[in-house]
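Construct the entire structure; sequences and hints are all you get.
What follows is each chain in one-letter form.
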Amino acid sequence: MSKMTESADDMTKSTSPFLSLTGLRAALRDGSISSTAATEAILTRIETIDPTLRSFVTVTAEEALAQARAADQRLANGEKTPLLGVPVAIKEILCSEGIVSQAGSKILEGFKPPYDAYVVSKLKAAGAVIVGMTNTDEFGMGSSTEYSAFQTSRNPWNIECTPGGSSGGSAAAVAGGLAYGALGTDTGGSVRLPASFCGIVGLRPTYGRVSRWGVIAYASSLDQVGPMGRTVEDTAVMLQTISGYDERDSTSIETAVPDYEAACTGDIRGLKIGIPQEYFIEGLDPEVKAAVEAAIEQLAALGAEIVDISLPHTKYALPMYYLIATAEASANLARYDGVRFGPRVPGKDVIETTMRTRALFGPEVKNRIMLGTFVLSAGYYDAYYGRALKARTLLINDFNRAFEQVDVILTPTSPTTAFKIGEKADDPLQMYLTDIFTVSLNLSASCGLSVPCGRDSAGLPIGLQLIGATLQEETILRVAHAYQQATEWHTAHPPV
Amino acid sequence: MSETLTKFEAVIGLEIHAEMLTQSKMFSGCRVVDSVEAAPNSAVDPLSLGMPGMLPVINRSAVEMAMKVGLALNCEINAYNAFERKNYFYPDLPKGYQITQYAHPVATNGYLDIKGASGETKRVRIRRAHIEEDTGKLTHLSDGRSLVDYNRAGVPLLEIVSEPDMRTAEEALAFATKIRQILRYLDVNTGDMEKGIIRFEANISIRPLGSDALNTRVEVKNLNSFRSLTSSIEYQIAQQIETVEGGSVVEQATLGWDEDRKQTYSQRSKEDAHDYRYFPEPDLPPLIIGPDWIDRVREQLVELPDSKLRRYLTELGLPSYDAEVIVEDRPVAEWFDAAVAAGGDPKTVANWLINNLFALMNEHKQTIENSRVSPQGMVDLLALIEAETINKNTAKSVLVDMFLSGQTAKTIVEEKGLAQISDDGPILTIIQTIIDDNPQMVANYLGGKDKLRGWFMGQVMRELRGKGNPALVNRLLDQKLGELKKR
Amino acid sequence: MSTLSLQDVEKIALLARLYLTPEEKAKYQQQLSDVLTYVEQLSELDLDGVPPQAHAVAQQNIMREDEVNSTIPINKALGNAAATADDQFAIQAVFDE
Ligand SMILES: [Mg+2]
Ligand SMILES: [Zn+2]
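Residue numbers (the numbering used here), protein chains in the order written: chain A, 1 to 496; chain B, 1 to 487; chain C, 1 to 97.
Please note that the accuracy of each hint is not assured.
Okay, the calculated beta carbon distance ranges per label pair [unchecked claim]:
1. C:N69 <-> B:D295: 26 to 32 angstroms
2. B:N109 <-> A:E282: 53 to 59 angstroms
3. A:A486 <-> B:D295: 55 to 61 angstroms
4. C:N69 <-> B:R125: 36 to 42 angstroms
5. C:P51 <-> A:Q405: 20 to 26 angstroms
6. B:D260 <-> C:E10: 37 to 43 angstroms
7. A:R269 <-> C:T37: 45 to 51 angstroms
8. B:R207 <-> C:E10: 36 to 42 angstroms
9. C:Q30 <-> A:R269: 52 to 58 angstroms
Each computed DSBU-like pair below joins lysine-lysine, with the alpha-carbon atoms no more than 30 angstroms apart [to be verified]:
10. C:K25 <-> B:K86
11. B:K137 <-> C:K11
12. C:K11 <-> B:K221
No lab work stands behind these hints: they were computed from the structure.
C-beta: ideal position from N, C-alpha, C; glycine also.
Here it is in structure tokens:
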């Protein structure tokens with residue numbers, strides 16, 4: 001970090017690491033701070049704080065500073081691309097050309113992809129400064145980052161607690177002021193859950209809104225990249241940047257991208273918000289329940305119409321999810337055989353070498369590959385995977401019916417606040433239940449976000465989930481933004 | 001053998017894997033190369049290497065080629081098409097699964113008519129044809145290593161599966177030959193078996209003659225020539241008969257074929273039983289093939305060999321041998337069609353094509369496409385014969401000239417002064433000279449040796465250096481010799 | 001409810017090409033049985049005549065034109081491999097071709 005002194009001038013204009021992304025963008029545009037200075041400040045802060053938070057697996061300081069200097073040049077020329085000069089972080093599941101991209105797994109240790117993921121190239125084109133790759137549960141399989149092969153990230157609000165997962169590194173980085181925004185991926189709740197646990201905003205776009213090209217696959221029909229930010233507007237800017245049609249992803253939706261920032265009008269009068277009874281169940285932490293109920297009242301006070309609805313197949317979502325996600329994962333992860341990339345562990349013959357190499361997968365990944373392999377195998381397909389695909393139809397119908405009645409569905413993001421590290425790591429089923437409120441929309445064609453709506457008596461953040469119909473990201477952003485305008489939760493920062 | 005063959009019959013089905021001749025691979029914009037000639041791993045991209053995060057996108061041309069073949073094989077083109085993942089581990093399979101069509105193939109329920117042993121038409125049903133992707137290639141080093149080249153990985157394949165409707169190796173050969181011919185006609189495949197661009201597998205079982213049981217079948221792979229196809233089937237039939245007559249039962253097996261030793265060999269069985277765990281490919285939405293799309297593809301279909309053959313026999317009146325030879329290869333047939341369209345008499349064009357042009361092409365190792373004799377050029381040459389400008393013998397040498405120089409028949413005839421002499425005067429003068437110079441021959445002829453007429457004809461033509469109009473020379477010679485006889 | 005035998009676990013591990021220690025086998029036998037029991041609540045649903053849904057968003061006929069645009073140079077192709085020789089990926093002998 002010897003370069004720090006070279007821009008001491010800029011440093012004097014340094015600003016809070018908790019400034020919003022849109023706030024920093026304004027400062028960059030009016031020249032009150034340079035991207036180089038902002039980036040150096042972030043890198044310094046990472047050096048200081050991340051040994052505790054452990055949110056980054058790789059810090060790309062050199063590349064970031066080069067991108068910052070280029071951004072300063074472009075800013076000086078009056079360019080105004082959406083993220084020009086803004087330091088952001090990306091989950092280590094997104095491929096970045098020439099940068100080690102390992103998906104939290106020893107099986108990809110040292111893997112340097114010869115390509116940028118679509119979303120990474122979009123960030124670069126928008127002028128973003130990518131400061132590093134954030135920690136994730138291996139291949140996105142987990143809810144706490146404890147299943148990362150490299151490190152366990154910490155919750156900035158309480159470092160004894162998990163930041164959630166699998167995009168826990170991104171959430172901790174954004175909450176801890178180590179990036180102005182971040183990208184995660186959400187297969188069963190992996191953007192929304194850590195956003196909720198870390199007190200930030202995390203959005204899971206409609207499947208097909210954001211290209212999966214270059215995203216290391218976990219479950220292909222469920223995976224989606226999502227933005228994370230400290231405010232709703234910040235999240236909207238990130239979403240704006242990464243959305244769009246990509247002809248290299250056959251599941252990408254070819255439709256125009258609306259102006260998500262413009263959707264943040266503050267006006268939600270007349271909007272119908274549905275409250276599904278199935279989410280207010282036994283096991284829901286009373287403090288979470290109280291915070292969510294207070295948020296409902298707040299939204300009603302802002303002019304929204306609150307409607308009781310039913311999503312009758314909610315309780316089946318998690319079983320479906322584990323059948324579909326693991327089946328797809330068992331195939332997606334078959335390519336890791338040590339032949340073309342990744343390390344190789346030698347055995348006595350080709351088969352044994354393959355098996356010993358694949359033993360580099362961590363315990364939870366092996367568990368899910370085994371489950372997925374079993375539920376697709378001869379004699380079991382119909383009873384497990386086949387049933388799950390049919391049940392998925394019922395779940396999609398639930399949402400379709402609900403969205404005939406209401407504009408947005410409101411639920412808690414998670415039944416509890418962040419749990420202690422180590423509490424659930426050895427009990428997969430308990431860990432799975434963490435995602436009970438988030439998985440439904442991954443199976444459907446809905447979008448959803450988590451926005452902070454309170455803190456429990458231990459001071460840990462509580463998240464409110466807003467679910468929108470297919471491609472209705474604008475609507476959930478509008479509601480979340482109006483709520484944020486009326487509340488202060490997003491202005492509080494963790495003690496780091 | 002003859003005794004046993006009266007007791008048993010064979011039941012044979014074929015499976016064909018044909019690479020489709022696209023520019024790019026089945027699911028990505030990676031170049032397709034000749035995987036035998038090209039440098040290893042020179043035609044790969046992240047998708048063909050199964051790299052993390054890569055996604056497949058369907059190649060439209062490959063789908064349309066598959067539809068064409070389906071239509072040519074009289075199949076139903078299915079409206080609902082889905083791709084599935086077929087899961088198994090092998091180092092030449094980069095993703096650990098092959099994307100293929102399983103429950104919903106592009107084409108089903110077709111047939112192909114072949115010619116049976118005694119010339120009768122035999123219908124072989126086509127069960128299905130589906131689209132999939134090829135694997136890479138392994139080579140084995142003597143030092144105990146294997147090397148993997150992924151140039152071929154992801155190349156579009158069409159798998160065609162017949163019903164077990166063939167009863168002899170000859171029928172299987174006829175079917176295979178015809179499938180290959182159709183694929184070549186449709187520009188879907190070059191038909192190159194040695195390079196593995198088209199690959200055959202045979203399923204063989206036997207049963208007592210008259211039974212319609214379907215018994216345990218043996219699958220033979222690695223058939224890289226038609227010779228291997230027939231000899232392996234014959235070998236297997238004999239083996240199975242021997243097994244059954246020896247009181248044993250045929251066991252299900254997948255075998256390879258050793259062409260040098262002319263015998264099948266056991267392929268090491270995989271350590272686990274196959275359980276491919278097919279499931280819908282989540283990265284690819286289904287393809288819905290509507291009637292409009294089928295019609296558009298049907299319109300692009302070229303005339304197929306069977307219908308060409310029928311037309312040549314009935315409309316053009318070609319002898320069946322000629323018709324079959326011309327239909328064999330689509331470029332030849334198209335050359336012929338163009339010559340007929342340019343006004344050539346079908347039978348004459350066929351004669352000249354088969355008897356003369358083929359010989360030149362063989363001698364100079366050229367195909368009809370790069371031959372310098374165009375259909376129009378041939379018709380122009382034949383017109384010169386018709387107009388009696390040159391005779392047939394001259395025309396043969398003009399054709400050689402055309403083939404070598406690329407000049408038109410007219411130019412060659414003019415520049416070399418090859419036009420026939422069709423004037424009475426000079427011919428009569430020569431006849432008179434020959435009569436005058438050979439009194440003994442004349443005497444012998446008049447003495448009753450009629451065969452000598454041919455000798456006089458030869459002498460006259462030689463003096464005319466082959467350019468005499470044969471009909472005219474004949475007429476004038478008869479006239480002169482007649483006059484001598486009257487005297 | 002659902003219990004997997006140790007042999008089931010071994011069969012699945014071989015299909016999935018995962019080397020497992022004896023302890024892991026015992027652990028997965030238990031964990032998989034638990035999860036299978038959990039997911040069996042799906043059998044409460046009447047799914048007769050319900051069509052399966054493999055994709056979240058129903059799309060169809062997504063295709064590309066037959067164009068070459070993604071071939072990469074050989075150094076990028078081989079750059080991440082554990083072992084190479086003669087511009088190819090090198091592995092232990094495979095004989096059952
Ligand atoms: Mg087959
Ligand atoms: Zn096949």
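Any of the earlier hints contradicted here, and which numbers? No numbers; nothing is violated.
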